[in-house]
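Enquirer: Sequence:
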Amino acid sequence: MPSYIESNQLPHLDELAQHWETFRREVQFFEDNIREYGAIMGVTLYPNPDSKISGNQGWNQLPFYLQGERATDFVTRHNVTPINANPSPKEMAAFREQYDGFMHTLFAASYRVIDAWFDKHKDYVTNVVLFRLAPGSLIPVHTNFDPHMYRGHLGLIVPEGDVCLRVEGEDRRWREGEFLIFDSMRPHTAWNMTDGARYVLNVDTLRPDVGRSDVLAVHKVLVELRMKEGKLSMGFSGGRSDMLPGLQERYKGPHER
Numbered sequence: 409m410p411s412y413i414e415s416n417q418l419p420h421l422d423e424l425a426q427h428w429e430t431f432r433r434e435v436q437f438f439e440d441n442i443r444e445y446g447a448i449m450g451v452t453l454y455p456n457p458d459s460k461i462s463g464n465q466g467w468n469q470l471p472f473y474l475q476g477e478r479a480t481d482f483v484t485r486h487n488v489t490p491i492n493a494n495p496s497p498k499e500m501a502a503f504r505e506q507y508d509g510f511m512h513t514l515f516a517a518s519y520r521v522i523d524a525w526f527d528k529h530k531d532y533v534t535n536v537v538l539f540r541l542a543p544g545s546l547i548p549v550h551t552n553f554d555p556h557m558y559r560g561h562l563g564l565i566v567p568e569g570d571v572c573l574r575v576e577g578e579d580r581r582w583r584e585g586e587f588l589i590f591d592s593m594r595p596h597t598a599w600n601m602t603d604g605a606r607y608v609l610n611v612d613t614l615r616p617d618v619g620r621s622d623v624l625a626v627h628k629v630l631v632e633l634r635m636k637e638g639k640l641s642m643g644f645s646g647g648r649s650d651m652l653p654g655l656q657e658r659y660k661g662p663h664e665r
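The sequence shown begins at 409 in this note's numbering and counts up one residue at a time.
If you're looking for bench data, these hints aren't it; they were derived computationally from the structure. Treat the hints loosely; a few may be bogus.
[As the list claims (entries may be wrong)] The calculated EDC-like cross-link candidates involving lysine to aspartate or glutamate, where the alpha carbons are at most 20 Å apart (straight line), are:
#	residue 1	residue 2
1	Lys530	Glu499
2	Lys530	Asp622
3	Lys528	Asp570
4	Lys660	Asp570
5	Lys530	Glu657
6	Lys530	Asp603
7	Lys660	Asp579
8	Lys639	Glu576
9	Lys530	Glu423
10	Lys628	Asp481
11	Lys636	Glu477
12	Lys660	Asp531
13	Lys628	Glu499
14	Lys628	Asp617
15	Lys639	Glu499
16	Lys530	Asp617
17	Lys530	Asp481
18	Lys660	Asp527
19	Lys639	Glu423
My request is simple: use the sequences and hints to build the entire structure.
Expert: Take a look at the structure:
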């Protein structure tokens with residue numbers, strides 16, 4: 409399979425892309441007022457301590473759905489927040505109230521669209537997460553272990569200039585209103601060397617070329633194992649840099665040392 413996947417192979421993603429302007433309006437309001445949301449932004453850094461890309465100050469995530477569940481349902485069931493692997497019941501309730509209130513106030517229209525779409529396609533989708541890449545930031549080259557799924561980025565705000573995704577050495581720019589779909593098992597990196605933030609709606613979708621029962625079983629087992637190893641992973645594989653000798657140097661981005 410190629411590093412990038414054509415969107416016509418995953419028509420349910422094209423269905424979601426039709427609503428990109430709704431998402432963009434709310435994301436733009438959020439970005440325009442981001443200084444007011446320092447408290448919530450502080451808990452949106454990728455928290456997996458075993459990941460190469462953990463704690464990246466330029467990369468923030470705002471989840472709508474995690475591992476097939478509403479984000480706050482998932483973290484409540486596993487009793488975890490992005491900054492606490494074992495919160496008290498009071499801390500868990502406070503986080504859920506804060507996060508739900510924040511997301512449903514700022515992204516009310518987006519949530520309505522995503523809820524309806526997810527309910528229709530829940531047998532194919534695992535995660536729906538808003539990704540922000542700050543000006544002057546990069547995500548170093550890494551791989552994920554997700555043999556059962558592809559990762560799609562719906563471009564919402566893509567500034568002009570040097571902002572790019574590189575998968576296995578092939579560079580592609582995000583485009584607003586379009587999905588860029590790739591195999592996250594391949595070495596990949598992203599950077600934003602512009603003066604503006606880049607936003608994409610990340611959707612992780614099960615591979616269509618494998619039996620549905622097989623990919624669902626693989627997903628369930630992997631999430632369970634990862635949560636046992638460390639709840640702060642939120643069930644994600646995390647960015648790994650343990651590639652064969654020479655691959656990291658070959659596929660790193662132009663701004664990596």
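Enquirer: Please go over all the hints and tell whether each is borne out by the structure.
Expert: Against the structure, the hints come out as follows:
| no. | hint | result |
| --- | --- | --- |
| 1 | Lys530 to Glu499 | 30 Å, violated |
| 2 | Lys530 to Asp622 | 16 Å, holds |
| 3 | Lys528 to Asp570 | 36 Å, violated |
| 4 | Lys660 to Asp570 | 15 Å, holds |
| 5 | Lys530 to Glu657 | 38 Å, violated |
| 6 | Lys530 to Asp603 | 36 Å, violated |
| 7 | Lys660 to Asp579 | 11 Å, holds |
| 8 | Lys639 to Glu576 | 30 Å, violated |
| 9 | Lys530 to Glu423 | 14 Å, holds |
| 10 | Lys628 to Asp481 | 16 Å, holds |
| 11 | Lys636 to Glu477 | 18 Å, holds |
| 12 | Lys660 to Asp531 | 34 Å, violated |
| 13 | Lys628 to Glu499 | 27 Å, violated |
| 14 | Lys628 to Asp617 | 18 Å, holds |
| 15 | Lys639 to Glu499 | 16 Å, holds |
| 16 | Lys530 to Asp617 | 17 Å, holds |
| 17 | Lys530 to Asp481 | 15 Å, holds |
| 18 | Lys660 to Asp527 | 38 Å, violated |
| 19 | Lys639 to Glu423 | 32 Å, violated |
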